[in-house]
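J.: Next come the chains, spelled out residue by residue.
There are 2 protein chains.
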Amino acid sequence: MGKAVKDQLGRVIERETAPQPAVILVRPQLGENIGAACRGMLNFGLTELRLVAPRDGWPNPAADAMAAGAVELIENAKLFETVDEAVADLSFVLAATARRRELEIPVVGTETIGAEMRAKIEQGVGVLFGPEKAGLTNADVVFADKILTYPVNPAFQSLNLAQAVNVFAFIWAQSQGVTVPDIFDDVRSEVAPREELTRLFDHLEDELDKAGFFFPAAKKHLMQQNIRAPLTRAQMSEQEVRTFRGIIKALAKGRGKARGG
Amino acid sequence: MGKAVKDQLGRVIERETAPQPAVILVRPQLGENIGAACRGMLNFGLTELRLVAPRDGWPNPAADAMAAGAVELIENAKLFETVDEAVADLSFVLAATARRRELEIPVVGTETIGAEMRAKIEQGVGVLFGPEKAGLTNADVVFADKILTYPVNPAFQSLNLAQAVNVFAFIWAQSQGVTVPDIFDDVRSEVAPREELTRLFDHLEDELDKAGFFFPAAKKHLMQQNIRAPLTRAQMSEQEVRTFRGIIKALAKGRGKARGG
Numbered sequence: 001m002g003k004a005v006k007d008q009l010g011r012v013i014e015r016e017t018a019p020q021p022a023v024i025l026v027r028p029q030l031g032e033n034i035g036a037a038c039r040g041m042l043n044f045g046l047t048e049l050r051l052v053a054p055r056d057g058w059p060n061p062a063a064d065a066m067a068a069g070a071v072e073l074i075e076n077a078k079l080f081e082t083v084d085e086a087v088a089d090l091s092f093v094l095a096a097t098a099r100r101r102e103l104e105i106p107v108v109g110t111e112t113i114g115a116e117m118r119a120k121i122e123q124g125v126g127v128l129f130g131p132e133k134a135g136l137t138n139a140d141v142v143f144a145d146k147i148l149t150y151p152v153n154p155a156f157q158s159l160n161l162a163q164a165v166n167v168f169a170f171i172w173a174q175s176q177g178v179t180v181p182d183i184f185d186d187v188r189s190e191v192a193p194r195e196e197l198t199r200l201f202d203h204l205e206d207e208l209d210k211a212g213f214f215f216p217a218a219k220k221h222l223m224q225q226n227i228r229a230p231l232t233r234a235q236m237s238e239q240e241v242r243t244f245r246g247i248i249k250a251l252a253k254g255r256g257k258a259r260g261g
Numbered sequence: 001m002g003k004a005v006k007d008q009l010g011r012v013i014e015r016e017t018a019p020q021p022a023v024i025l026v027r028p029q030l031g032e033n034i035g036a037a038c039r040g041m042l043n044f045g046l047t048e049l050r051l052v053a054p055r056d057g058w059p060n061p062a063a064d065a066m067a068a069g070a071v072e073l074i075e076n077a078k079l080f081e082t083v084d085e086a087v088a089d090l091s092f093v094l095a096a097t098a099r100r101r102e103l104e105i106p107v108v109g110t111e112t113i114g115a116e117m118r119a120k121i122e123q124g125v126g127v128l129f130g131p132e133k134a135g136l137t138n139a140d141v142v143f144a145d146k147i148l149t150y151p152v153n154p155a156f157q158s159l160n161l162a163q164a165v166n167v168f169a170f171i172w173a174q175s176q177g178v179t180v181p182d183i184f185d186d187v188r189s190e191v192a193p194r195e196e197l198t199r200l201f202d203h204l205e206d207e208l209d210k211a212g213f214f215f216p217a218a219k220k221h222l223m224q225q226n227i228r229a230p231l232t233r234a235q236m237s238e239q240e241v242r243t244f245r246g247i248i249k250a251l252a253k254g255r256g257k258a259r260g261g
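Read top to bottom, the protein sequences are chains A and B.
Each residue of the first sequence is one higher than the one before, counting from 1 in our numbering.
Each residue of the second sequence is one higher than the one before, counting from 1 in our numbering.
Since the hints were derived computationally from the structure, they do not count as laboratory data.
Treat the hints with care, as some may be off.
Same chains, same names: a pair is fine if it fits in one copy or spans any two.
As the list claims (entries may be wrong) - Pairs of lysine-lysine, DSS-like flavour, derived with a Cα cap of 27 Å:
no.: 1; residue 1: K249; residue 2: K210
no.: 2; residue 1: K210; residue 2: K253
no.: 3; residue 1: K220; residue 2: K253
no.: 4; residue 1: K249; residue 2: K220
no.: 5; residue 1: K249; residue 2: K120
no.: 6; residue 1: K120; residue 2: K78
no.: 7; residue 1: K146; residue 2: K133
no.: 8; residue 1: K253; residue 2: K133
no.: 9; residue 1: K219; residue 2: K249
no.: 10; residue 1: K253; residue 2: K120
This structure is a prediction, so every number in the text was calculated from the model and none was measured.
Could you build the full structure based on these sequences and the hints that come with them?
T.: This is how it looks when you write it as C-alpha cells:
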C-alpha cells in the first residue's frame, strides 16, 4: 500500500503509510475467514497481516476468493511458524479473547485501547486472534501485554474470526481522531522489541532447566507462565532486558564450575 | 429472546429485554449475509431484526445456516414490504451509508451515536442498511433522521453487509458503558505486599553481590534501579514473587558448591 489516497472531503491523506497495528491470526483454520478478515481490515485502513501456521497452508485460494478488493493484503501477508516469531519485532502485543484466563495479564476493554495503541504505535503494536474453534491457548496469550475483550453478549460470546478482526480494525480507525489521554504520555524509555524479551526468557528457562528448576515436568508450562507474565507486564526497556540477562549470567556462572569440578 | 442471562460475574442480567435499536436490512440479496448479520448482532446483544423485501424471499434456508447460534433472530425477524412500514413505529432512524448524498440530512460519525441512540431508545430507534450491491437509494435514506458514517478507508469503502451490521452492534454494546476491565479485574490475583517484593530484591541483590555482579561499585545504585523498576512495575502476585525467589535459589545453588569445593 502506502500510496496517497483521498478522504471523504477530498483531502489527500497518506493514511496507509503511517505505522499501524499488525493483525496476527494464530493457526487460522478457514481460508475464507482469512480473506474476510482482510476485507474488514482494509475497510478500516489496516494492511499488515501476519499468519502463524495457517491450518491449510499458505497461500490459500479460498482466502484470495473472499478477500475481494483486499487481495493485496493476502499477497503481502507475512508467514510465521510460531507466535514467538510473529511478535518478535513488536513492543506492545494484545490478545483478543473473550475467555477468562488464570493468567496474570491485565484485561483492557475497547473504549481506551485505540488511544493506547496510537500512543505506542511507533514501537510496534500487534494483536493476536486465535483459531476459529479453540481460540488462543494460554501459551499464546502469555506473549501479550494485555488481553483485549469486547463488550460481548455473555450468552453468545463467540465472534466469527473475520468479524472479530473487523471490529478491531474499526476500533483502530475510530481512535484516529481521538486525542491520546495524558495517562499514556509517560516518560518511560522505549520498550524493548519482543524478540529481546523472548531471548531473555529462553536464556532464563534454559538455565533453569539445567538447574533442575522445572520439577515436576508436568508443571513446567505453568511455571513458565509465572515467569513470563510478570516480565512481560513490566514492559522492560532494552537496558533493563540487558540487566536481566546479566543477572542470569552472574547467578548461573558458578554452577557450571560446580559441575565441571 | 428476553430471558435473563448471566454475565461473567454470575450476576443475572436482562440485557436483551431492554429496548434496543432495530436493525433494518433493506432489500438484502444474500441469505448468507442476513444470517451472518444475525450472528454479529447477537454477539453484541442485539436481537431485533427487520427485513424489507429480501430479494430471495423469506424464510431463507441460507440465512438459517449462517446464523448458527443466532437462529432465534431469524425466527423472530419482522418482514415488511417497504422501508416506510419498517420504520413506522420508530422515532429515531439512522441510515448507514458511506456514500455522499445530496440530501439535507445531518451526517453523524460513530463516536457519539451510541450515546445518542441510548438517549432516544425508549422512543424507538432503528438503523437502515442497504442491499449488498447498490446500497441505500436516496428514496430510502430520506426516511432517516441522520446518516451514520463509519471511519472507513476512502480507498476501500464498501463494507460487507454483515460486517457493517456487526460494527453497528459493537457500537451499541460499547456505548452501554460496560466497564469491561472492571468485570475482569478480579482475574488478577492481589498484588503482593511491598515487603515481599523488598525481600525478593534483598535476596536477589545479595546473591548478585556474592557473584560479583555489582561492578564497578559506583554503578551499583543504577544497576539496582534497573532491577527494581521493572519488577515493581510488574505488580507481581505473591505466587509470582515465590516463583522468582525459587528462580534465584535455583540459579545460585551450584555457585555455593563451586566455592565450597
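J.: Determine for every hint whether it applies to the structure shown.
T.: Cross-check of the supplied hints:
no.: 1; hint: K249 / K210; in the structure: both (13 Å within a copy, 13 Å between copies)
no.: 2; hint: K210 / K253; in the structure: both (12 Å within a copy, 11 Å between copies)
no.: 3; hint: K220 / K253; in the structure: both (23 Å within a copy, 19 Å between copies)
no.: 4; hint: K249 / K220; in the structure: both (21 Å within a copy, 17 Å between copies)
no.: 5; hint: K249 / K120; in the structure: neither (31 Å within a copy, 36 Å between copies)
no.: 6; hint: K120 / K78; in the structure: within (22 Å within a copy, 46 Å between copies)
no.: 7; hint: K146 / K133; in the structure: within (22 Å within a copy, 39 Å between copies)
no.: 8; hint: K253 / K133; in the structure: neither (45 Å within a copy, 44 Å between copies)
no.: 9; hint: K219 / K249; in the structure: both (25 Å within a copy, 18 Å between copies)
no.: 10; hint: K253 / K120; in the structure: neither (37 Å within a copy, 40 Å between copies)
In summary, the structure is inconsistent with hints 5, 8, 10 from the numbered list given earlier, while agreeing with the others.
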